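2 protein chains.
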Amino acid sequence: MPLRLDSRDPGFAAAFADLVDARREADEDVSRDVTAIIAKVRGKGDAALADYTQRFDGHDLDAGGWKVDRAECEAALATLDPKLREALELAAERIRAYHAAQRPEDRDSIDAAGVRMGARWTAVDAAGLYVPGGRAAYPSSVLMNAIPAKVAGVGRLTMVTPTPKGATNPLVLAAAAIAGVDEVWRVGGAQAIAALAYGTDRIAPVDVIVGPGNAWVAEAKRQLYGVVGIDMVAGPSEIVVVADAANDPAWIAADLLSQAEHDPTSQSILITDDAGFADKVAAEVERQIPNLSTAATAATSWADNGAIVLVGSLDEAAALCDRLAPEHLELAVADPERLFDKVRHAGSVFLGRHTPEAVGDYVAGPNHVLPTGRRARFASGLSVLDFMKRTSFIALDDAAVRAIGPAAVALAEAEGLPAHAASVALRLG
Amino acid sequence: MPLRLDSRDPGFAAAFADLVDARREADEDVSRDVTAIIAKVRGKGDAALADYTQRFDGHDLDAGGWKVDRAECEAALATLDPKLREALELAAERIRAYHAAQRPEDRDSIDAAGVRMGARWTAVDAAGLYVPGGRAAYPSSVLMNAIPAKVAGVGRLTMVTPTPKGATNPLVLAAAAIAGVDEVWRVGGAQAIAALAYGTDRIAPVDVIVGPGNAWVAEAKRQLYGVVGIDMVAGPSEIVVVADAANDPAWIAADLLSQAEHDPTSQSILITDDAGFADKVAAEVERQIPNLSTAATAATSWADNGAIVLVGSLDEAAALCDRLAPEHLELAVADPERLFDKVRHAGSVFLGRHTPEAVGDYVAGPNHVLPTGRRARFASGLSVLDFMKRTSFIALDDAAVRAIGPAAVALAEAEGLPAHAASVALRLG
Chain A
1 MPLRLDSRDP GFAAAFADLV DARREADEDV SRDVTAIIAK VRGKGDAALA DYTQRFDGHD
61 LDAGGWKVDR AECEAALATL DPKLREALEL AAERIRAYHA AQRPEDRDSI DAAGVRMGAR
121 WTAVDAAGLY VPGGRAAYPS SVLMNAIPAK VAGVGRLTMV TPTPKGATNP LVLAAAAIAG
181 VDEVWRVGGA QAIAALAYGT DRIAPVDVIV GPGNAWVAEA KRQLYGVVGI DMVAGPSEIV
241 VVADAANDPA WIAADLLSQA EHDPTSQSIL ITDDAGFADK VAAEVERQIP NLSTAATAAT
301 SWADNGAIVL VGSLDEAAAL CDRLAPEHLE LAVADPERLF DKVRHAGSVF LGRHTPEAVG
361 DYVAGPNHVL PTGRRARFAS GLSVLDFMKR TSFIALDDAA VRAIGPAAVA LAEAEGLPAH
421 AASVALRLG
Chain B
1 MPLRLDSRDP GFAAAFADLV DARREADEDV SRDVTAIIAK VRGKGDAALA DYTQRFDGHD
61 LDAGGWKVDR AECEAALATL DPKLREALEL AAERIRAYHA AQRPEDRDSI DAAGVRMGAR
121 WTAVDAAGLY VPGGRAAYPS SVLMNAIPAK VAGVGRLTMV TPTPKGATNP LVLAAAAIAG
181 VDEVWRVGGA QAIAALAYGT DRIAPVDVIV GPGNAWVAEA KRQLYGVVGI DMVAGPSEIV
241 VVADAANDPA WIAADLLSQA EHDPTSQSIL ITDDAGFADK VAAEVERQIP NLSTAATAAT
301 SWADNGAIVL VGSLDEAAAL CDRLAPEHLE LAVADPERLF DKVRHAGSVF LGRHTPEAVG
361 DYVAGPNHVL PTGRRARFAS GLSVLDFMKR TSFIALDDAA VRAIGPAAVA LAEAEGLPAH
421 AASVALRLG
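Same order as they appear, the protein sequences are chains A and B.
Following the UniProt record's numbering from start to finish, the first sequence increments by one per residue and tops out at 429.
Following the UniProt record's numbering from start to finish, the second sequence increments by one per residue and tops out at 429.
Chain A with its partners taken away, still in its complex shape (with noise of 0.2 Å):
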């Protein structure tokens, strides 16, 4: 059973800061052996690839194959369900389209003291795509992290996926080839990470990895920030929705669904106005989870994560919103937009009542990599920024420098940099 609070209870804002402070996060610790394991690709690189993939994907680099093709890629998009495809081109292209719009402007202007002074953006040379093997290999997941990555001009696009046995996955490959990725590696793991981040004989390094993994990719990553970009500190996935009594309850129960069934560890709440409607939603989810192929995942995290928030009026839900600065928050109610305005955190927002949350895990075009953990008090979704940088730049002429440079000699003097103050007192002259 879900945990149930109602804000008019008394010891309700207790019971509500517990859920907010409650961690979902495996406390799993793999940070030795992935130091270890990224010392041993850093020194040994190759070799050091091909040992960890054996022992942990049984696959035989050497023997199978250290990349798969590009014409093999190819041949999955080609052999590819029609309508699949068609789908996965529908969401590319949306995708495209809506990360197109993401790519910022060049700044370059000269002020009424007569410095020239701008930003310019550029793309890294090279970005890393993790891919899961198994449950979590997801070809939309393909789409969204590589496809801003291209679009912000990226040269060089690396995928890295554990192809456990040697088996890949057809749609994960078609995925990599309608986003134009241009090369993909069958290495997975921290050894992949760390391969990316320093780069081995084979594998050229990146200057950015992005894209999801287990506990020792993330621990990877983590360790790696700063001699690479990365995406974000990911964690279990959530979703909030606040809906009123005007909403069908089936359509509501299978929102929440659509989150619970992604991991034990994810996490549903609703928080509605009406406790009619919160029995009939946790009435409907019983009835829904056994038609689910993730029965037994989906009644787990329900069970052990879930929640049902009952408040005295809608107008509270946007504060303990805040409070939850949830990735995902539906907004199914009649007036979406006001209550919007009052929401300041959360990863990504689903307004009205026809908006179910997966149509922007595949469709829409906003990405679905998003701040999980209350992250979305200060993080952001994907966008083609984390492909990105920005360089300043400062122009001054004699005149401009006569301007503003007396007021760096005295602040150079004042912090005890000399060179700093004689550096710009010379051209004073």
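Please note: incorrect hints may appear among the correct ones.
[To be verified] Quick list of in silico lysine to any residue cross-link-like pairs, SDA-like style, CA-CA up to 20 Å:
#, chain 1, residue 1, chain 2, residue 2
1, A, LYS83, B, ALA113
2, B, LYS342, A, ARG120
3, B, LYS83, A, GLU415
4, A, LYS40, B, ASP21
5, B, LYS342, A, ARG107
6, A, LYS83, B, GLU413
7, A, LYS40, B, ASP29
8, A, LYS83, B, ALA414
9, A, LYS83, B, PRO406
10, A, LYS342, B, ASP108
11, A, LYS342, B, TRP121
12, A, LYS83, B, GLY416
13, B, LYS83, A, PRO406
14, B, LYS342, A, ASP125
15, B, LYS83, A, GLY416
16, B, LYS342, A, ARG156
17, A, LYS280, B, LEU426
18, B, LYS83, A, GLU413
19, B, LYS150, A, ARG344
20, A, LYS44, B, ASP21
Please keep in mind that the hints were generated in silico from the structure rather than gathered at the bench.
Note that the coordinates shown come from a computational prediction; the quantities given were computed from them, not determined experimentally.
Starting from the structure of chain A, add chain B where the hints point.
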């Protein structure tokens, strides 16, 4: 003596690669100490802060005060040398103007399929600013870190700074007053970072932590990245100056020394196409060093990490600069624009003979907090964006979900996520 390379020498490629790969970052392993400090502050809060502050800073927080009052900051400003106050206020005004133009625009549009999509930027609720004690306590750094936060719209800006034996730095306090810092706590080190990230009874937690610090501070920020947002992983500072023979050697020497005087690990590199000019600059560096109050630091940095790279033509410089991806790049050449157009990786670029890097440190306007250690390949200088986050949103009506929903259903089914499929399919009726 600094390293001297010539691109026409046979061993150049290898020698330049060594220069690029040289790590100047101290390998102090403070990670275990920092982990312990963070755990203690997280568990014991203010009591742990009081212990550490007594031990590391010789300051008794309970007897000597936890905070520097706003009135004390205002008093420091009021009693400041008027010329310095004017310089700080000019700097603040210019930094504010430059960063105000960085505020991102929201998006909101409806596409041909009837799908409304957009993104909304909001500031983080609270930000923490670390200001080192001792030599590296620079008022310019307070302005550069605090003003972008305020321009972003951060509600609460908390500064932490160690006050060894209770001593405060009036220049730093005056800068805090000018920048509008909301509160100043007399704590430093990893313990201050932990307090900002997790909060204590006295110090409320923040969402983003910025500002320079020693190895403990940097490691604490790295470990807490994900719990909070951080500005960047920072290393020793560096400058590359590309200069032709038409420059005054004394100006260029001062520019190189303005980097070298920061720290023995700082790096200054001259790239020029004229061996005679290189000799003159080298001689000027030696001539200027003894006159500096920072002579010892500057001499060590120049001897240990400095380099002069002679090239056959300045056209080679852009590619070399990209390999180094320097924090600061000065282009003191006849046509700096032409060279700048070829450069891809640099934190900030200073164009022309009248733009010493030091004007950027203080008064030009762009931020002086920049990526170091080749991180300009993937990272940008501090900006208003570091204190904001983007919430994407999607709104579909009945027609729009019918237009793009079927593709989402197909993809969800292919990915084995039936509740995702159902949440969309139910809306298709």
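Hint check results:
1. Between A/LYS83 and B/ALA113, the direct Cα distance comes to roughly 19 Å. Compliance with the 20 Å bound is thereby established for this hinted pair.
2. Using a Cα cut-off of 20 Å, the hinted pair B/LYS342 and A/ARG120 holds, with the two alpha carbons roughly 12 Å apart.
3. Between B/LYS83 and A/GLU415, the direct Cα distance comes to roughly 14 Å. Compliance with the 20 Å bound is thereby established for this hinted pair.
4. Restraint check: the Cα-Cα separation between A/LYS40 and B/ASP21 comes to about 19 Å, which is no more than 20 Å; the hinted pair holds.
5. Pair hint B/LYS342 plus A/ARG107 holds up; C-alpha atoms about 17 Å apart against a cutoff of 20 Å.
6. For the proposed pair A/LYS83 and B/GLU413, the alpha carbon gap of about 12 Å is at most 20 Å, so the pair holds.
7. For the hint pairing A/LYS40 with B/ASP29, the CA-to-CA distance comes to about 19 Å; that is within 20 Å, so the pair holds.
8. With a CA separation close to 11 Å, the supplied pair A/LYS83 and B/ALA414 stays within the 20 Å bound.
9. Taking the CA atoms of A/LYS83 and B/PRO406, the gap is about 10 Å. The hint holds against a cut of 20 Å.
10. Between A/LYS342 and B/ASP108 the alpha-carbon distance is near 17 Å, which keeps this suggested pair within the 20 Å criterion.
11. Of the pairs offered as hints, the one joining A/LYS342 and B/TRP121 holds, with about 13 Å between alpha carbons and a cut-off of 20 Å not exceeded.
12. Distance hint between A/LYS83 and B/GLY416 is fulfilled; the C-alpha atoms sit about 16 Å from each other, no more than 20 Å.
13. About 10 Å separates the Cα atoms of B/LYS83 and A/PRO406, which keeps this hinted pair within 20 Å; it holds.
14. With a C-alpha separation of about 14 Å, the suggested pairing of B/LYS342 with A/ASP125 holds against the 20 Å cut-off.
15. Of the supplied pair hints, the one linking B/LYS83 and A/GLY416 holds, its CA atoms being roughly 16 Å apart against a limit of 20 Å.
16. Under the criterion of a C-alpha separation no larger than 20 Å, the hint pairing B/LYS342 with A/ARG156 is consistent with the structure, at around 19 Å.
17. Using a Cα cut-off of 20 Å, the hinted pair A/LYS280 and B/LEU426 holds, with the two alpha carbons roughly 16 Å apart.
18. Distance hint between B/LYS83 and A/GLU413 is fulfilled; the C-alpha atoms sit about 12 Å from each other, no more than 20 Å.
19. Proposed proximity of B/LYS150 and A/ARG344 is supported: the alpha carbons are some 17 Å apart, at most 20 Å.
20. Among the hinted pairs, A/LYS44 with B/ASP21 is consistent with the structure: their alpha-carbon atoms are about 18 Å apart, no more than 20 Å.
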